[in-house]
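Just so you know, the protein sequences line up as chains C and S, in that order. Here our numbering = 1-based position in the first sequence + 27. Here our numbering = 1-based position in the second sequence + 2.
Hints listed in this document are in silico derivations from the structure and should not be mistaken for laboratory results. All the given hints hold, so there is nothing to weed out.
Covered by chain C, according to a simulated footprint, are these stretches of chain S (three or more residues, beta-carbon under 8 Å): (1) 9–22; (2) 52–58; (3) 86–98.
The structure presented is a predicted model; accordingly, all values stated were derived computationally and were not measured. Every residue gets a Cβ at the ideal spot worked out from N, C-alpha and C, and that includes glycine.
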Amino acid sequence: MSIVELVRRARESNDFGALAAGIPYMKALDMHVHEAAGCLTVELRAAALHTGNPWLPALHGGVIGGLLETAAIVQLAHDQDGDSLPKPINVTIDYLRSGRIETTWARAQVTKHGRRVANVQASCWQGDAEKPIATLVGHFLMS
Amino acid sequence: MTDHALMQQILAFRAKPENQSPHGNFLGLEVLDIERGKGVVRIPYNAALAGNATTGVLHGGVITTVLDAACGISVITALAQRAPIATLDLRIDYLKPATPGQPVTAAGHCYKVTRNICFVRALAYHLDPEDPIANCTATFMLTGAQSAETGKSESAR
Numbered sequence: 028m029s030i031v032e033l034v035r036r037a038r039e040s041n042d043f044g045a046l047a048a049g050i051p052y053m054k055a056l057d058m059h060v061h062e063a064a065g066c067l068t069v070e071l072r073a074a075a076l077h078t079g080n081p082w083l084p085a086l087h088g089g090v091i092g093g094l095l096e097t098a099a100i101v102q103l104a105h106d107q108d109g110d111s112l113p114k115p116i117n118v119t120i121d122y123l124r125s126g127r128i129e130t131t132w133a134r135a136q137v138t139k140h141g142r143r144v145a146n147v148q149a150s151c152w153q154g155d156a157e158k159p160i161a162t163l164v165g166h167f168l169m170s
Numbered sequence: 003m004t005d006h007a008l009m010q011q012i013l014a015f016r017a018k019p020e021n022q023s024p025h026g027n028f029l030g031l032e033v034l035d036i037e038r039g040k041g042v043v044r045i046p047y048n049a050a051l052a053g054n055a056t057t058g059v060l061h062g063g064v065i066t067t068v069l070d071a072a073c074g075i076s077v078i079t080a081l082a083q084r085a086p087i088a089t090l091d092l093r094i095d096y097l098k099p100a101t102p103g104q105p106v107t108a109a110g111h112c113y114k115v116t117r118n119i120c121f122v123r124a125l126a127y128h129l130d131p132e133d134p135i136a137n138c139t140a141t142f143m144l145t146g147a148q149s150a151e152t153g154k155s156e157s158a159r
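So that you can see chain S by itself, here it is in the shape it has in the complex (with noise of 0.2 Å):
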């Protein structure tokens, strides 16, 4: 369920020039949803950013983008307190081709946070979870000095 709270907090964290990722920008991307721990970004069908220009389809790359984004979301929504994160790794199955003019929606759940990582997954589909563009699985590293402490018990699943 909505953190109304928490999603105010980071959109207005959002709304200022200075914290705005240019490439989020570019990709017109989007905060839908927060709650601790977990984070829904969306972006547009642009057909500039497709990897085929004959069928349209999205490149890998944006989608690897969006779910980065929603990993990243999850992960500063899992934190107690602001902390700067690093993604270490991100391994992806594409389970089917984005369909051309549809918005891609990714999901973000961080599931575990630890003195120094956090583990993510992610969902990225059109309109229905149930019916997957594709999967992704990511660790996060905590780069600042000290390690941030977080509700445990909402944030696992």
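Bound conformation, chain C alone (with noise of 0.2 Å):
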């Protein structure tokens, strides 16, 4: 099945967590989407292999950059009209509390969607929503 026809009955049955058969990556680091009331979580499950800094321990930055880019992409292929997997065009991610090797949450806001360019803002926590360990601001294209 194709990229838009995933996206379209995912947005159709309004089951977002199907979006991951469509996202290789999703599998691979352990991702999964919970949908409440139309705002979609996206929860990386503890895994040893997400390590970056072997002595802390401590999450890869580049984990925590890539669980935040994919909640900002699931929130806006859920938000969007069309049927489209949403592209990056670019993000800015700041590091704010060094992260556990636990499970981590995702949570992305689309602030501005343009009819081809969404601004979105996400953040993700462990435990503690109010601390965030990493927010992240991007611009993704909607093609």
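Since each chain sits alone in its own frame, please combine them into the complex, following the hints.
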């Protein structure tokens, strides 16, 4: 099934977890999408292979970036009128706290949804949503 | 130009299992080149890391990871002595999709070191840096108690 068809089906059935079938990276890193009242949360299940710094140990900054970007993409796929998979144009990631090797959650909010470009903010946390470990702001292409 | 002594030092350090990044190993990340303030790393293509199963283009998270690694190693080579570092922020412009099937190289340059903060830029590409996949600017924090002095003239561009 093509990615466009996957996005269309996810939107029709309001099952955005099904998007993972079209995004191999989500499966490789053990990411799962949960939906509640139109708001999607992406769960990154704890795994030793997410470790960047082996001494702390801490989550790799790239894994955190990948989680935040995934949260932005699935939220945009949910909010859009079309059936495309949004593509990142640029992202800025601020690392606020060291991430432990435990389950991490990410949620995105679309700040501005233009016809071609969307601006999105996302944050991720472990345990306490009020204490994000990293935030993202980025632009995504919607065509 | 490659700093062979420094590269040997970095490779010997990375060869020890206790110093290895599990996620770096998962991606198959390898160090290609080292000089003072600069580091080049590469990951092989892996369809399991695509962001789109239809096109096979690598996920942005993979590009982020390889750029973060290139930036981090550039900072390490810019410091006169080993010091703990942490990424403060990372901005990435995705210039073109990575071509499926091709490895991704990232070259980082730590061009300024201060008492607490290191400033870095990095470029991701396949073979030709003039035809980049992504551009990155980042800052790193020296998280140790003591700041590190550097070979300033060598790391400044």
